[in-house]
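Asker: With these hints in hand, go ahead and build the complete structure from the sequences.
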Amino acid sequence: MPQIIKIKRGLQANLPTTGLNVGEPLFTTDRGTLHIATDATTLKTVVPAIETLNTIPSISGAEDLLIIHDASETTGQKEKKITFNDFKSALNIPPTSTDEKVAVVNGGTAGYIWGTDGTDGVIRMGSSMQWAKDVSNNYVTIDVAVIDGGTF
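Residue numbers (the working numbering): 8 to 159.
Wrong hints could be hidden among the right ones.
The list that follows gives simulated cross-link-like pairs (lysine to aspartate or glutamate, EDC-like), each with its CA atoms no further than 20 Å apart [to be verified]: (1) Lys-15 to Asp-46; (2) Lys-87 to Glu-70; (3) Lys-140 to Asp-150; (4) Lys-15 to Glu-31; (5) Lys-13 to Glu-31; (6) Lys-51 to Glu-80; (7) Lys-88 to Asp-71; (8) Lys-88 to Asp-37; (9) Lys-95 to Glu-58.
Pairwise CB distance ranges, derived in the manner of DEER restraints [unchecked claim]: (10) Thr-148 to Asn-61: 42 to 50 Å; (11) Thr-24 to Thr-148: 48 to 56 Å; (12) Asp-93 to Thr-52: 22 to 30 Å; (13) Ser-65 to Ala-152: 33 to 41 Å; (14) Pro-55 to Glu-31: 19 to 27 Å; (15) Thr-52 to Gln-10: 23 to 31 Å; (16) Ser-79 to Trp-138: 44 to 52 Å; (17) Val-53 to Thr-148: 47 to 55 Å; (18) Ile-63 to Thr-24: 33 to 41 Å.
Just so you know, these hints were derived from the structure itself, not from any lab.
Backbone N, C-alpha and C fix where the C-beta goes; we use that ideal spot for every residue, glycine too.
Answerer: Here it is, written out as structure tokens:
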């Protein structure tokens, strides 16, 4: 007759903190995590060591996924997936961009802030410059410490 092994399971908020047996596994049904008791009051979460994971040689924006912790989720699995391209789109970063691009205002066109090439002509700031968005009127103010006209 086959043997059945059942693992204790329940919500993460209800994980026990006392009375554990060393080696006892516990599975969270809302978060999908596994925990192992190391003594009567300590649980160790089972996760892969990030430094042992393989490095991805390049990103396929349409196929490769990121894991996002959805803090607004109240009843199910908080960890969700999103494609790299969809994540960039949510941040208003063009799919072909490999530089640091962001929009100054929500819904605005992303441009190079401290970029390395700035070929789209949006904005590229030097080290003596800073900018800030005025919350009262949504305008961006660029402050320049020195304007040097150069020599002739």
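Asker: So, against the hints stated earlier in the document, which numbers end up violated here?
Answerer: 6, 9 and 16
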